Amino acid sequence: MEKILFLSHTEATGRLSAHALEALGAAVHLRERTGGELVIGLFGGRVETSQVSGTVFSVSGEAFAASRYATDAAAGEQLCKAAGATLVIAPATSRMSRVFSGIAARCGACVDSHVAGLQVKDEALVVTRWYYRQRLQAEMTRASRPWFISIDAGVFEQFKGPGNVIVEQISPAVDASMMRTSVTGIQAPAVGEQTIKPDATALFVAGAGWTKKQADGRSHVAEAADLILGFLKKSGASLGSTKSLVDLQGEGQEVLPFMTHLNQVGQTGATPRHQKGLAACCHGEEPHVVGWRFINERRAINLDANCGWARGKADVLYVADAFQVMEQVNKLLSE
Amino acid sequence: MPLTIVVCASVVPDPLQSLIPLQTADGFGLKNEMMLPHVLDPWAGHALYEAANLAKQIDGCKVYLVSLGLKAKLQQTMMTIAQKARFDLIAIDASHSGFTDSAQTAAVLATAIERIAGLDRANLLIFGGWESASRAAGTTLQILGEKLGIIDQFQAVDEIKMNGDGSFQVLERVDGGKHQISVCAGPPAVLGWATGNLPEPPNNPQLGMMNMRTAMPAIQQAGSADIKDKALAFHNVQAPAQRRDTRIVKDLSTADIAQEIVEWLKQN
Ligand SMILES: Cc1cc2nc3c(=O)[nH]c(=O)nc-3n(C[C@H](O)[C@H](O)[C@H](O)COP(=O)(O)OP(=O)(O)OC[C@H]3O[C@@H](n4cnc5c(N)ncnc54)[C@H](O)[C@@H]3O)c2cc1C
Chain W
1 MEKILFLSHT EATGRLSAHA LEALGAAVHL RERTGGELVI GLFGGRVETS
51 QVSGTVFSVS GEAFAASRYA TDAAAGEQLC KAAGATLVIA PATSRMSRVF
101 SGIAARCGAC VDSHVAGLQV KDEALVVTRW YYRQRLQAEM TRASRPWFIS
151 IDAGVFEQFK GPGNVIVEQI SPAVDASMMR TSVTGIQAPA VGEQTIKPDA
201 TALFVAGAGW TKKQADGRSH VAEAADLILG FLKKSGASLG STKSLVDLQG
251 EGQEVLPFMT HLNQVGQTGA TPRHQKGLAA CCHGEEPHVV GWRFINERRA
301 INLDANCGWA RGKADVLYVA DAFQVMEQVN KLLSE
Chain B
1001 MPLTIVVCAS VVPDPLQSLI PLQTADGFGL KNEMMLPHVL DPWAGHALYE
1051 AANLAKQIDG CKVYLVSLGL KAKLQQTMMT IAQKARFDLI AIDASHSGFT
1101 DSAQTAAVLA TAIERIAGLD RANLLIFGGW ESASRAAGTT LQILGEKLGI
1151 IDQFQAVDEI KMNGDGSFQV LERVDGGKHQ ISVCAGPPAV LGWATGNLPE
1201 PPNNPQLGMM NMRTAMPAIQ QAGSADIKDK ALAFHNVQAP AQRRDTRIVK
1251 DLSTADIAQE IVEWLKQN
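From first to last, the protein sequence lines stand for chains W and B.
The letter at position 282 of the first sequence is residue 282 when you use my numbering, and the numbering goes up by one with no holes.
In my numbering, each residue carries its 1-based index in the second sequence increased by 1000.
Among the hints, erroneous ones may be present.
[Said to hold, decoys possible] Derived lysine-lysine pairs resembling DSSO-like cross-links, with alpha carbons at most 27 Å apart:
| # | chain 1 | residue 1 | chain 2 | residue 2 |
| --- | --- | --- | --- | --- |
| 1 | W | Lys-197 | W | Lys-234 |
| 2 | W | Lys-212 | W | Lys-234 |
| 3 | W | Lys-233 | B | Lys-1266 |
| 4 | W | Lys-3 | W | Lys-81 |
| 5 | W | Lys-197 | B | Lys-1266 |
| 6 | W | Lys-81 | B | Lys-1266 |
| 7 | W | Lys-234 | B | Lys-1161 |
| 8 | W | Lys-234 | B | Lys-1266 |
| 9 | W | Lys-3 | B | Lys-1250 |
| 10 | W | Lys-81 | B | Lys-1147 |
| 11 | W | Lys-213 | B | Lys-1250 |
Keep in mind the hints are simulated off the structure, nothing from the lab.
These numbers were taken from a predicted model, which means no experiment stands behind them.
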């Protein structure tokens, strides 16, 4: 029988993020399937327990408020050792992802990150994850324990069943060697507003076509910028980009000022999860279209009916001028 | 103080190649794996360019490239990689397949790094990609850091800036498309790089010749390592069929297309 630990940091409020609650949902699912035991380990500046139930091991205090490897690793290590679990389930948030395998190493555990599925087959836990940047999907089993598993966002339903808790406070020793790094702030993109919104229903993917010469022989980058920002504002969509479009910056071309490498989707970019995706002026080869692997409904606008980004990969391809279409879309969204 | 920067970077199949999984006697691999052209793992490549750039700013810095991969592939790719940045190569002949375990890889890397003659641990920066383009896990560097006893670690790094007092500032990508800013008192530290800020350096044949003088013997003399984890098994590896039946809309007016898109966006 497995003993499962759900391990997570809390947010500044002391509460769990939506992603953490999804990973807790995964842990509960696993407990139900394996008939095992589930305990909870939380760390952060503040730890609240109103969203969970059962036994909670907790590490809190000023030293654990910052998202810092040394203190997070110490907290995680002590929580794991207190729980003595065979399986450790965590959300693959950026904070957890920085430290999770380090904690596994301290506990002599094996570790798999970015897990996209958990099943129990013939009493064995089978984990699904992607290899080669979302191009190959594999199922895997491990005979060794403890096994640390971090769960990607958007895979499991959030846990919604808070109940009674028994809290056990743990106080890992903190010394000066663990405080050599100080977190001094969070920096949003330099220009304009936040364009990456993981919780948005829709993703808008812009390709290099927006900066290319148009029918009149000229490029219209400023106009493209206005149309795209206008759409983001009116629709609430998140913004993605092809590699070519963000790379233009390094090549000294006129570029969209709000576009950075953080927006890039694809093999060497992000693979965000959204319900809908609208791509305009993108022409990726097959391997690069993994950028919208996890977008459920996909539509594209391109002048070229043979557009490689859309054919066979999108539900609908509108063969049209994206400048004209998006201008109309923005008008309709304003009404 | 001069830094020792150790960049851990392997090779991966060129992203433009089709990848077909294949069951072999020794577990899963890729069809024609040894025939596929390979490139330096992209994010680890950014780490190498950032290391070379940092080394140029401080006198006496040394850059090592530790590369674990099958000898034949290291040999083929190193000709190109050697033209991009100045480094001393430490090669390890072992599988660079995604279907291996990162803890085993990290253990072998740690041993190789600890063997560097006169390694200046107090001024050591371990660089690498925050995720590989093969296992795509972001696990190896952390485990490596733990094995080397380094507890200042950063992942998804886009920038390092050295301060005059030996400390440095790091920008790490965090959830929601933002950067976390941290200041670390100084090396040793582990940095897993995202894209950074530097374009890929142009090929420099002279630099290539210089690097290859030591890189070639390093590859030839590379010790082989068995990184197989017998407790790990893969099943059902597949390239999921992702063909959609695309409706191609050619003859609709711009206004009608816009209408259709807006209606679709508003649907729940
Ligand atoms: C190592 C490596 C890693 C890579 N990683 C990634 C990655 O992570 N993500 C990624 O996306 N790519 C990646 N690529 C692929 C590469 O950068 C592609 O070239 C790129 O994805 C294609 O860019 P694009 O679609 O923006 O531009 P283009 O190929 O330039 O296509 C522009 C498109 O815009 C259309 N267009 C122009 N004007 C209009 C208009 N007015 N209305 C409608 N359509 C218009 C054109 O018809 C054309 O189809 C990678 C490549 C390599 C070698």
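**Prompt:** Against the structure shown, which of the earlier numbered hints fail to hold, in ascending order?
**Reply:** 6, 7, 9
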